[in-house]
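**Q** These are the residues of each chain, in order.
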Amino acid sequence: MTNTLPAGDLIDLFLRFLMLSLLSIGGAMSTAPEMHRYLVVERGWLGEADFTTAIALAQAAPGPNVLFVPVLGFQVAGLAGAAAALLGILLPSTLLSLGVSRWGATRRETPLVRAFTAGLAPVTVGLTFATAWLLALPYVTAAEHRLGALALIGASALVTLRTKLAPIWMIAVGAALGAAGLV
Amino acid sequence: MNVPRPAAEASAAADRPASPLAVFVAFSLLALQGFGGVLAVAQRELVDRRGWLSRQEFVELYGAAQLLPGPNVVNLSLMVGDRYFGWRGALAAIAGMLLAPLMVVLALAASYQQLAQYPAVAGALRGMGAVAAGLILAMALKMLATLRGSVLGPALCAALGLGTLAAITVLRAPLAWVVIGLGLGGWGLARWRIALHDAAAARAQEVPADFATDVSREPPAPPSGRDPGAPG
Chain V
0 MTNTLPAGDL IDLFLRFLML SLLSIGGAMS TAPEMHRYLV VERGWLGEAD FTTAIALAQA
60 APGPNVLFVP VLGFQVAGLA GAAAALLGIL LPSTLLSLGV SRWGATRRET PLVRAFTAGL
120 APVTVGLTFA TAWLLALPYV TAAEHRLGAL ALIGASALVT LRTKLAPIWM IAVGAALGAA
180 GLV
Chain D
0 MNVPRPAAEA SAAADRPASP LAVFVAFSLL ALQGFGGVLA VAQRELVDRR GWLSRQEFVE
60 LYGAAQLLPG PNVVNLSLMV GDRYFGWRGA LAAIAGMLLA PLMVVLALAA SYQQLAQYPA
120 VAGALRGMGA VAAGLILAMA LKMLATLRGS VLGPALCAAL GLGTLAAITV LRAPLAWVVI
180 GLGLGGWGLA RWRIALHDAA AARAQEVPAD FATDVSREPP APPSGRDPGA PG
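Protein chains in written order, with numbering that gives the first Met the number 0: chain V, 0 to 182; chain D, 0 to 231.
A portion of the hints provided could be inaccurate.
[To be verified] DEER-style ranges, computed between Cβ atoms: (1) L146/V with V24/D: 35 to 45 angstroms; (2) D197/D with D11/V: 51 to 61 angstroms; (3) A109/D with L90/V: 17 to 27 angstroms; (4) R106/V with P118/D: 48 to 58 angstroms; (5) G46/V with G148/D: 49 to 59 angstroms.
[To be verified] Okay, the calculated bits of chain V under chain D, using three or more residues with CB under 8 angstroms as the criterion: (6) 11-22; (7) 65-79; (8) 129-135; (9) 163-170.
Don't read these hints as lab results, they were simulated from the structure. These figures come from a predicted structure and were not determined experimentally. Even for Gly, the Cβ is constructed at its ideal location relative to N, Cα and C.
For reference, chain D alone in the conformation it holds in the complex (with noise of 0.2 angstroms):
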C-alpha cells in the first residue's frame, strides 16, 4: 500500500476519455448546458452519462475543488483532465468549461439593452432558474447517498452537514468561512476516527494463528486503511 499508484488505475469510474480533444468537446457541452451554475450538469454528464468518474470520486473532487481559491467546477474541471492526460487534459477541460460560455456571455453583455424590453426572455429566464434549482437538488440527494459508510460515522457527518447549510441559509455566513472552519473541523474529525478505526485494525491482526489458516484460500484481504466502511 506504500506504492503509488496511477491515478486511474485507483479510479473506480467506468469509462475514461479517449483524448484532450474528447474532455475539450465534453467539458464544452456541458458548459453550455449550464444555466445558473455548471455543477450539477457537471455531475449527470461526468458521473451518471460519460462514467468518467464514480460518485464517490465526483465527491472527493469537488471537495477538494471547494477548499482551493479559484471558482469551484474550473478547479473540478482541471483536476478530471489532469487524471486523464496532464496538463494537455488540464487545459482542455479548462478551456471547454470556459471558451464557448465566454463567447456567449460577452454576446449578451453587448446585446442586453435591446433583450431586456422582451418579458417572454425575462419569463424564460426564470423558468431556467427553477430547472437549475431542481438540478441542484438531485445533485445534492445523490451526493448524500455517498456519506454512507464515511469515517465520521451518521453522527457526525449529518452534524458538519446541517451545521453547513444552517452556517449558509440561515446565518448567512460568507462562504469562505464556512468551507476553512467546517472543513478544517471535519479534516480533523476525519484524521481522530481514521486513527481509532486503524488501531482497532491492527488489534483485529493480532488474532489467533487458527482464524489466520481459515481464511488463507480466500482472496488477500485489502490492506486495513482502505475500506472506510468498517465499523471503528
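Isolated chain V, as found in the complex (with noise of 0.2 angstroms):
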C-alpha cells in the first residue's frame, strides 16, 4: 500500500495541496473531489479503494478529520508523502487565517466585525445541526440495532447537556457497547 515517489512528484504533490489550501472553504473535505482526480484518475497513485479507506480511517480515528489528507500521502509515498500533503494542505490556509483573526480581533467593536460575527453565528447553529443529522442518518437509516444507536445518541447528548463527564468516558461506553454488537 506504501510506495516511495522521485522527488519531483512529491513536490509536484505539495504544490498541488497548496493550491487546494486556500479552496478548502468550510474543511478540507470540500477539496475531496479535487484530490481523488488528481491522485486517482489523473496520477493513478492510488486506487478507489485506497481513497475510500483513507477517508474512513480518519473519521473513524481520533482528531481532525483534515488527517485523511496525510493518509492519502502516507499511502502514495510513506511518511515524505503525509508530510507533503499535511504541510501544503495546512501552510496557506493557516497563514490567512492567523492574518485574518489578527486584524478582526483589534476591529471587534467595529460595525462591520460585529456584523460579521452577528450574522455568521445562526449559520453557525444551522450548519452544527446540519452536521449532527448526517452523523446520526447511518443509524437512523439501518434498520439491525437502530433503537439501541438512537438511544446511545439520545443518552450521548442529554449525559452531555446535563453533566460535566468528559467525552472520552461517553465514546469509551459507546464502543464497548458497539463492540458487544448492543448498537
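Assembly of the complex is requested from the two constituent chains, each provided in isolation within its own frame, with the hints serving as guidance.
**A** Given below as C-alpha cells:
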C-alpha cells in the first residue's frame, strides 16, 4: 500500500495541495473530489478503495477529519508523502486565518466585524445541526440496532447537556456497547 | 470605544491557559478524544470544562474559522492559541491538535488490513460514531442559546439557521457555497440591523437633560454599540 515517489513528484504533490488549501472553504473535505481527481484519475497513484479507506480511517480515528489528507499522502509515498500532503493543505490557509483573525481582533467593536460575527452565528448553528443530522443518518436508516443506536445518541446528548463528564468516557461506553453488538 | 483593547481583556472567559505548553497539552488531550470530529469535544473542553472561552466567544471564533479556508478546527485552534500567546500559542495549539492524532491515524493506516477482519472492531467504531453524533447534537443545542439577543432578531436567525440546515441536509449543496452564500447574506443583514440599532441609540441620546441628571449617579452606561441585545 505504501510506495515511494521521486522527489519531483513529491514536490508536485506538495504544490498541488498548497493550491487546494486556499480553496478548502468549509474544511479540507470540500477539496476531496479534487484530490481524488489528482491522485486516482490523473496520476493513478491510488486506487478507488485506497481513497475511500483514507477518509473512513480519518473519520474513525481520533482527531480532526483533515487527517485523511496525510493518510492519502502516506498511501502514495510513506511518511514523506504524509508530510508533503499535510503541510501543503495547511500552510496557506493557516497563515491566512492567522492574519485575518488578528485583523479582526483589533476591530472587534467596529460595525462590520460585529455584523460578521452576528451574521455568521445562525449559519454556524444551522451547520452544526446539519452535521449532527448527517452523523446520525446512518443509524436512522439502518434497520439493525436502530433503537439501541438512537438511544445511545440521545443519551450522549443528554449527558453532555446535564453533566461535565469528559467525552472520552462516553466514547468508551459507545465502543464497548458497539463491540458487544448492542448498538 | 475607539481605544483598541487587548483581546484577553475583552474576553468574558472564566480562565486562561498558563503557558504555550498548557495549550499544547490541552489541545492534544481534546484532539485524542475527538472520535468522528473534534468540534464538540473542543467546545466541551475549552468552554464547559476549562473556561478558556465563553460560549459566545466560541461561536464567534468558530463562525470565522468556518468562513476562512482550511480545516475549521485547525483554524479555531490557532485563533485560541494566538489570542493567549501570539504565534507561539497558535503553533502550540495546532501542533497539539495534529501531532498525536496524526501518529494514531498513520499507525491505523499501516495496520488497517489486519484490523478490518474483526467484527468487534467494526462494532466498536459504530458505537463510537453514535456517541459522536450525540455530542454534536448537544453542542448544536447549546449554540442555539447563544443566538438569544442577536442583533438579527429571532425571525432572521431562524431563517438563516433553518436555511443552512435545509441547504445541507435536503438540497445537499456544497458546504463552501452554503457558507459563502448564507454567511455573506447574514453578514449583510446584521450590518443593516446594526445600522438601524445605532441610529435608534443615537436618537435615544438626544433625550431631555433632566433624564440625564437622573442617571448621573449610576455607573456610566456601556457605549451605545456594545449591547446587541437591546431591541432595535
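**Q** Each hint should be assessed against the structure and marked as holding or not.
**A** To see whether the hints hold, each was checked on the structure:
1. L146/V with V24/D: 35 to 45 angstroms: Since the Cβ atoms of L146/V and V24/D sit about 39 angstroms apart, the hinted range of 35 to 45 angstroms holds.
2. D197/D with D11/V: 51 to 61 angstroms: holds, 52 angstroms
3. A109/D with L90/V: 17 to 27 angstroms: At 25 angstroms between Cβs, range holds.
4. R106/V with P118/D: 48 to 58 angstroms: Taking Cβ atoms as reference, R106/V and P118/D lie about 55 angstroms apart, which means the hint holds.
5. G46/V with G148/D: 49 to 59 angstroms: holds, 52 angstroms
6. 11-22: holds (count 3)
7. 65-79: Coverage by chain D holds here, the residue count being 7 at a Cβ distance below 8 angstroms.
8. 129-135: holds (count 7)
9. 163-170: holds (count 6)
The structure meets every hint from the earlier list without exception.
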